[in-house]
Structure formats: C-alpha cells, structure tokens
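In case you want the letters, here they are:
4 protein chains.
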Amino acid sequence: MDELDIETVDEVELSDPVLVEGLPGVGHVGKLAAEHLLEELDSTLVRQVYSEHFPPQVDIDEAGIAELTCAEFHAIEVGNASETQADDGDGDIGGRDLLVLTGDHQAQDNIGHYRLSSAFLDIADEFGVSELFALGGVPTGELIEEYDVLGAAANEDLKDDLEGVGVEFREDEPAGGIVGVSGLLLGLGRRREFDAACLMGETSGYLVDPKSARAVLETLEELLGFELDYETLEERADEMEEVISKIQEMEQQQSMDVPTDEDLRYIG
Amino acid sequence: MDELDIETVDEVELSDPVLVEGLPGVGHVGKLAAEHLLEELDSTLVRQVYSEHFPPQVDIDEAGIAELTCAEFHAIEVGNASETQADDGDGDIGGRDLLVLTGDHQAQDNIGHYRLSSAFLDIADEFGVSELFALGGVPTGELIEEYDVLGAAANEDLKDDLEGVGVEFREDEPAGGIVGVSGLLLGLGRRREFDAACLMGETSGYLVDPKSARAVLETLEELLGFELDYETLEERADEMEEVISKIQEMEQQQSMDVPTDEDLRYIG
Amino acid sequence: MDELDIETVDEVELSDPVLVEGLPGVGHVGKLAAEHLLEELDSTLVRQVYSEHFPPQVDIDEAGIAELTCAEFHAIEVGNASETQADDGDGDIGGRDLLVLTGDHQAQDNIGHYRLSSAFLDIADEFGVSELFALGGVPTGELIEEYDVLGAAANEDLKDDLEGVGVEFREDEPAGGIVGVSGLLLGLGRRREFDAACLMGETSGYLVDPKSARAVLETLEELLGFELDYETLEERADEMEEVISKIQEMEQQQSMDVPTDEDLRYIG
Amino acid sequence: MDELDIETVDEVELSDPVLVEGLPGVGHVGKLAAEHLLEELDSTLVRQVYSEHFPPQVDIDEAGIAELTCAEFHAIEVGNASETQADDGDGDIGGRDLLVLTGDHQAQDNIGHYRLSSAFLDIADEFGVSELFALGGVPTGELIEEYDVLGAAANEDLKDDLEGVGVEFREDEPAGGIVGVSGLLLGLGRRREFDAACLMGETSGYLVDPKSARAVLETLEELLGFELDYETLEERADEMEEVISKIQEMEQQQSMDVPTDEDLRYIG
Chain E
1 MDELDIETVD
11 EVELSDPVLV
21 EGLPGVGHVG
31 KLAAEHLLEE
41 LDSTLVRQVY
51 SEHFPPQVDI
61 DEAGIAELTC
71 AEFHAIEVGN
81 ASETQADDGD
91 GDIGGRDLLV
101 LTGDHQAQDN
111 IGHYRLSSAF
121 LDIADEFGVS
131 ELFALGGVPT
141 GELIEEYDVL
151 GAAANEDLKD
161 DLEGVGVEFR
171 EDEPAGGIVG
181 VSGLLLGLGR
191 RREFDAACLM
201 GETSGYLVDP
211 KSARAVLETL
221 EELLGFELDY
231 ETLEERADEM
241 EEVISKIQEM
251 EQQQSMDVPT
261 DEDLRYIG
Chain W
1 MDELDIETVD
11 EVELSDPVLV
21 EGLPGVGHVG
31 KLAAEHLLEE
41 LDSTLVRQVY
51 SEHFPPQVDI
61 DEAGIAELTC
71 AEFHAIEVGN
81 ASETQADDGD
91 GDIGGRDLLV
101 LTGDHQAQDN
111 IGHYRLSSAF
121 LDIADEFGVS
131 ELFALGGVPT
141 GELIEEYDVL
151 GAAANEDLKD
161 DLEGVGVEFR
171 EDEPAGGIVG
181 VSGLLLGLGR
191 RREFDAACLM
201 GETSGYLVDP
211 KSARAVLETL
221 EELLGFELDY
231 ETLEERADEM
241 EEVISKIQEM
251 EQQQSMDVPT
261 DEDLRYIG
Chain X
1 MDELDIETVD
11 EVELSDPVLV
21 EGLPGVGHVG
31 KLAAEHLLEE
41 LDSTLVRQVY
51 SEHFPPQVDI
61 DEAGIAELTC
71 AEFHAIEVGN
81 ASETQADDGD
91 GDIGGRDLLV
101 LTGDHQAQDN
111 IGHYRLSSAF
121 LDIADEFGVS
131 ELFALGGVPT
141 GELIEEYDVL
151 GAAANEDLKD
161 DLEGVGVEFR
171 EDEPAGGIVG
181 VSGLLLGLGR
191 RREFDAACLM
201 GETSGYLVDP
211 KSARAVLETL
221 EELLGFELDY
231 ETLEERADEM
241 EEVISKIQEM
251 EQQQSMDVPT
261 DEDLRYIG
Chain A
1 MDELDIETVD
11 EVELSDPVLV
21 EGLPGVGHVG
31 KLAAEHLLEE
41 LDSTLVRQVY
51 SEHFPPQVDI
61 DEAGIAELTC
71 AEFHAIEVGN
81 ASETQADDGD
91 GDIGGRDLLV
101 LTGDHQAQDN
111 IGHYRLSSAF
121 LDIADEFGVS
131 ELFALGGVPT
141 GELIEEYDVL
151 GAAANEDLKD
161 DLEGVGVEFR
171 EDEPAGGIVG
181 VSGLLLGLGR
191 RREFDAACLM
201 GETSGYLVDP
211 KSARAVLETL
221 EELLGFELDY
231 ETLEERADEM
241 EEVISKIQEM
251 EQQQSMDVPT
261 DEDLRYIG
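Residue numbers (the working numbering), protein chains in the order written: chain E, 1 to 268; chain W, 1 to 268; chain X, 1 to 268; chain A, 1 to 268.
These are computed hints drawn from the structure, not numbers from a lab.
The list makes no distinction among identical chains, and a pair is therefore deemed to hold if it is satisfied within one copy or across any two copies.
Below, simulated EDC-like cross-link-like pairs (lysine to aspartate or glutamate); rule was C-alpha separation at most 16 Å, straight line:
id, residue 1, residue 2
1, LYS159, GLU173
2, LYS159, GLU67
3, LYS159, ASP61
4, LYS159, GLU62
5, LYS159, ASP195
6, LYS159, GLU193
7, LYS159, ASP172
8, LYS159, GLU171
9, LYS159, GLU222
Work out the full structure, taking the sequences as your base and the hints as a guide.
Structure (structure tokens):
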C-alpha cells in the first residue's frame, strides 16, 4: 500500500456535482448529515480512499466482516434519483447532483490532514466538482434552543449566497479557525479556486447532535434544491433527548444527595 | 539501515503454510500463543525484520548479549515436525505447515503499523501463504470464567469455517475495531486477497492471560489440524492465579484497614 | 500542495533589507512587535508560505472569509515609506528597508521548524537580506518593572553592535536555549553566514505583553534608524493593565473569602 | 539543510581508535564521562552533526553567542596526547586513540534515533573505528553505596573482556532494554560487525551523578589503557553531595512540621 490508495469502486457520470463532506467532528454533525443524505437518497459508492494517515485499524461490520478503515465517496444523481425505501415517499427530489464524502475517521496527524484533503480535492476535480460544502458543528458550550447555522466561505459571492438562505457570518468566528479536513477543504479548496464553504451547525459540543445535523441539511436543501425526509434523524434526536433527560435526572438526584456546607458543619 | 530491513536468516520450503501472528497486545494473548507454538513445535528462524518504526532500543538476553529490536518469522513444518523436549510426548502433530510471526514490540507510530504490516504480508507471500490468523485478546473488563474466542474475518467463507469450530461473531464487536498489526494484517490482507481472520480470546484486559492464549490455540488446533501440549502454559496460568489471589487478599486487607464513614464521624 | 508552497504575491525591490521575524511565542512579544511595524509603516505583502507543517486549519477573518493558515513576508521600503493613517504624523521615518515575517502559527512538529526556517532564509536570500533579527520574549516568571532586552547573536561583531544600544548579554541565558523559528533563524542563519541575532524582551510569561514588544521595537529603532509611533501599542498595554488589575482584585477578594486555618478550627 | 548535515571541522589521523559515546541520559552519566575525557585529555573537534531530528533550538554559550544544536565528535590521540592544564600532572597517558561523541541532546523522535545512530556509525567507520563503547547510567531507584558498572555486549568475546575488568552482566538486565542512541549504537553496531558494548554505571536515577561517571571511566581506563585525573569530577560530586544533604535536611524538617494523625484528632 502507498501513502494514499484510491480505489475506483464504480464510475458514475455526474452533471456539475457539488461535493458535500461530512467526517467525524464536533457533535458528529457533519457525519450525521452526510449519512442522512446517503440514507434518504439513492447513492452509488464510487471511490474508497485508504491511507497510512488513517488509524491502523479495521472496523467490523454487523456481520463480523472486517474492512480496512477508509473514506468513501458516494455519487447521488439527484435529478434522476428515485426515493429509497427509508424515505416515506412525500419528499420531492430535485436539484444538482451530489458527491458525498464520509467515513469513520479523520487523519491521525497534521500532515495527513493536508495529504488527504488534497487527495479528496483531486477526486472532486475528477468528477467535475467546482463547488463544495464541508459540513460540521460549532461548539457553543450550552444546550441549543434554536439551531443557527454558521458559515465560512472562500469568497464574497458564496458568502452572499449563503447569507441569502439564512447562514450567519460572525466576525472572527469560529475563534480558533476550522481544523481538520473541513478546514482544509475550504483552505486548500480556495487556493485551487473551488467555491468552497463550511456550514457549521451550532451544537453544545457535549453530545451527538442530530438536530444540528438537520439544521445544516435544511440549509443545504435550500441551496442545492433537493428535499429530504427527516423521520430517521428525528428518531435519533428523540433518543438523544432521552439520554439528556436521564443525565439531568441523575444530576438532580446527585445534587440532592451531596451534603451541603451546612450539613458538613454538623459533622463532629 | 533502511526504513525496513528484512534479514534472511534461513530458507525453509513450506507446503501451503498458514501465517499465525502473535505480537504484544491486550493480555499478551497473541504473543503468549505464538510463543507457545514455538516452544512446543520444532521451528526454524527464517526472517528478522528490523525497522525504524520499532522503538529505538536493544533488548538484552539471558547472557547479557544485546540484540536490536525486531520481529521474527519462524517456519514450522508441522507435517514433518518432531516434538521438542518441552513436549511430554503424548501430543500428535499433524496438519498444515505454519509461518509464525512474533516479536517484543508493535510499531511505535501509525504509519509504521501500515509499513510493517505490508512488509509482513510480503514475506507471507514469499512463503506461499494464502491464509492467515492474527491472534490477540479482546478485553471484557471483568475476570473470565469461560474463555470464548471472538472472530473477525475478511470474508463470509472463512467466517463460516470459524463458526464451525466455535468461534463467535458478534455484531459490531470489538466495538472500537481491531487496532495495530493484527487489525492491519486483516484489513490490508483482505485487500491483497488473503483469507485473513483475527482470533481474539476474551480476557479481563488487566493481566497477562495464558488461559486466554490456550483458548485461542485450541481453536487453531481444530482449524489447522495440529496438537499441542499445554503444560508450560498451564504453569504460567497457575502463576498468574497466585498473583491474582495475592492482589485480592491485599485488597481485602486494605478495605478492612480503611476507616469507614462511620469511623470518621468520631474524629473530633 | 507540496510540503512547502511559497506564493509570490507581489515583487518589491528592497535595498539591503533587514529581516525582522515575529511569530507567536512567549508573551506574543515577537508577533506584537512585527504587527506593530506593519501597522505603523507602509508595507506590501510579498510572499505567503503555506506548509503541511502548519496546523491543518483555516483562519476566519472579520468578514467570515476563510484563509488557509500561512506565514507572510511584508516588504517595507523604510527610506521611501510614507506614514500610514494610524500614525499621528510626528514620527520621522528613515533607515534601512525591512522584510517583516509574521503569521499566526509556529510549525507543529520539530522537523517542520527546520524546514520552515530554511525556507524563510531562502526567501530572505532572494530579497538580498544579509542581516536578520528574530524578535521574541524571555519569560522571567514575575511582573516586569523595567523592560530589559536580552540578546543572543551569531557572532561577536553583531554582539558588540547590540550591546552598543543597550541589549544585555547574560552568560548561558536564556538557560534552555531559544526554541522554534526564532532559534533556528539564528542557528541555521549563522551556518549560512547571515548576521543573525535574537532580541528578547523580558516578560512575565503569563500574559500578552505590549510593553515588552515596545522595548524590543525601540531597540530595533536605534539599530536600524527608523521611528515609530506607539499610541496603538500603548492602548493595548493599557487594556492589559486593566485585565491584570481585575485579576489582582479577584485574587484579593478570594483570599479574603477563603477560610483560614484558624477559621477551620471552629468548624465542628 | 538536509535531514542530516555532517560538517567536517578538522581532520585527524587516528590509529585504530575506539568510539566512546556519552550523550544525555539517566543521571547524565554518559555525558559527564565523555565530557570529563575531553576536559582531561587534549582533543580536536573533528565533526559536527546537525539534524532535523534534534530539537529546533540554538544553545547560548557563556559569551551570548548562539550555536545550532548538534552532536560533536572529538579526536583524542591518546598515545601522543600531552596532558591539559586541568590535569594535575600525575596521570600517565597511554593506550588506544579515542573518538569521543557527545552533545546536549538526544534525537527527538524514534526514527531520528535510528537515523542519527546510523550516521554516527558511518563517521566511526570513516575514522577506522572497529570497537565502540556507549556510556550511560542504569537507574536503581535508591542511593548508591558502591558504584557497580553493568554491561551489555554485542558478542561473547567482548563480554569476556568486560567481565575481566569487573563489569557485571546480569540476566535480562536492564529489564526494559537500552533505549536511545546508546542502545542503537550497540544494536545497529552489532549488525554492522562493530565490537560494541554498553557500560552503564549504577545510579539512583534522581540526580546528576559524577560518581557513577567516574566508575564508568575507571572501567574504560582498564580496558583501553589510559589514565585520568578525577579532581574536577570529584568536585562536582562534592557539590552534588551538598545538594543531597540539603534536600535530606529539608525533608527531615518537613516531616517534623507535618501534623500527624494523632495531631489531627485534636482539631475540632
């Protein structure tokens, strides 16, 4: 195996496709969003990218079969796409073709982030992509009521488009920049003249956040002209709500059990 | 020295051999198993693999002689093998030839795991290996009563074979995938069309576990048609039992010495 | 992208320029000083250096536009330079031309420090630089009353020049050597026969220190014959003073709130 | 600069020289020993080795002049050597020529240890070295009364020689092997057919240990037939003794100040 090994699994002719990236990150927002796209729309696995910069591991699937860690590109012919069974049938599908990049891991080292992101852009190029959206979450440190979507863009035109569908641009935010493949698809993409942007759903940062993923996907729907059903994502959101309630209950219980300073005065 | 330096120590002609890997890992299960094979069956050291990806160190043997850290391949002609002295003489030996990979260290960096595993597969190729078993432990977090062996396989056929001898396949287990050389021999091996599988003995994860190693080896006996004597491994297991008893005794003693909350109330 | 990617943004003909480096480090002294130079004097961005050894990230500017992390070289024609608006008009500008190196990040790995510093010296060479000053802070661990500037030089002549303008040279200081790009510009620069020196403002090491940056710049003024206005740097210093006062107040408040040993005797 | 940059500072013709390495490590035993050799015997700096695998730093000398971190080879013509002033004049000098390797740093990464050690062996080869001694300390965890010297050797012959001058070889010691340049000079050296050995002075492991360095040097004197004066090393040892006494005093004082459990019962 070489440093990077791109396997051609299938060939699909896409018409002016948009690259949508969702790898693991804050609140797993990007990954949830990309996977929901693949669940709701018919897709074809077209490329697998293996690399020494991924963790040295195999992942085990439901059947106990092992597969070397990789990143995957799926082609979605949105115009032609029939709805999958997972879809309940009331979503209209239309708009531009998609090339969706997802996977279970980020690169494990700084240089790997650069090498993988460059390879991902090469593949995007090969499919005729000129516009890309890196999806992710931006941590706020508190539970979210209304899920805003924050943007960062490679140029002013794209910024205007995004603001047109409600994406917020805030001065110098996110403060620490955008790190990892999402950041580099934007940064390296800009240097290669892609119309590149990052869409970041607000999320507490503490938990996997399907609601933030939905907010990001809804922005993408408006931008790219497709429609999704959100039932399965809502189910996952409900599961997370239950987890949160249980945690809050446990915390409340504990805070009642803990002796207060006042209690402690009586000891001795 | 180059990044990888493969030294040919000896040449042995093997007939359709199976690669068995046992490097250090959880509970030292894989390493114990591989070393027990070498102790019980006549073997010839055929290759030593030195690498910059191993720790920068020499290991000192019983005689005070230093040897650069390396991984070693030993050839075992199982069909022809006479029993060693360590064997008490009542084990029948038969079945397929073995190429056993063991050593004192894993790679020290992610990329090293990939490079070393690729080199190991090259050597396996050279000896005509088409099937390989990576041995290891899977941590359960509790003391084990009955030592199950968990499997992960590169394809369905091999999975069926393994289930036939009692190996368990559990949905999405081990949860974090299989990391290190064992994982990559499986993952990279699959991509190179080896019939590759991982056999993982359940083990607490806290201690070196000769019983788990025995469980893995017994599975291998059934699969490959050889027979081993387990006396020395049992002795090591007994030693470990004694260690565990002593720890448990000490813990019990300590728990009696520690003042309870009740005691503390009397202070002051 | 290659390991290092040097983008020519503009070409400026400089006459016997001096390289002044200020990247992030102790008390951000070097970076503050370099940025103040760029704020006060007319400059032209001439080179951007991208590298896999920088963090894998984009930084977001005030407008929400993302730019891949890089280091930047700015040319300042000091002889010709008109004052910028930020300048209040009473500073006389004169002296040698400057090539100012700044940026938001150091290399993320040891080898990266060497590779980037070598590339920086190549660029300096290209502009005809033969003398360079790496600016930084030296941590003292306590609040500073009088801001001394410590020096380290590549040769005795340069040391004499620096001592002539009040720079202190102390035996074996800084004790741990000078680490990062500043250290390597001096060390690698010396090997390539640059007249290289480090100017290190004393700073507590706990906070961003505009006063230390001013001390370093004043030394540079005397050496190179230009004059700066310090109003904006003083404003930042005043802001920092306020932060320090608030911290001290809070600490004082806390120390009053904390029960003393004496108090604790009464509990129970 | 390349990954490794070997600068020829001077050329000296040595007759069948022995390489003696002393880089920083446990108790600084190896470094102290190598530096004492250079202090007591006339030497010529012949090679400087710069490398990206050293820390990215300059070290500052007594005069405030900065020098890029490197390793240094010094040639000592032991047969011809006149004593230096530091020597009080009563040491007879004789025996084999020496090539002494020392420096302020080890490599900063695993691969660097391999690359640097290989380069060091190349230089040794160039000077006609066929025998080498890597000096170091072996930590015992307790203060040492009698300073034994432990050995590890590349072959049985050398082991016999070392045992002949009182070096101890203990089964499987040091337990964790020998790590870093010392270990690799032995391990890689053996593979290149150097007569390589490690001489490790016992040391507590907590402090710089000039007495342990002396023990190692005395072993080397017997082996190689030179004689050293130990006055300066004894002075450093006395200084360390004073440090130890002070620490012990402080500890004793503290243990008297600390309230016992008994005291605490009276609180409240």
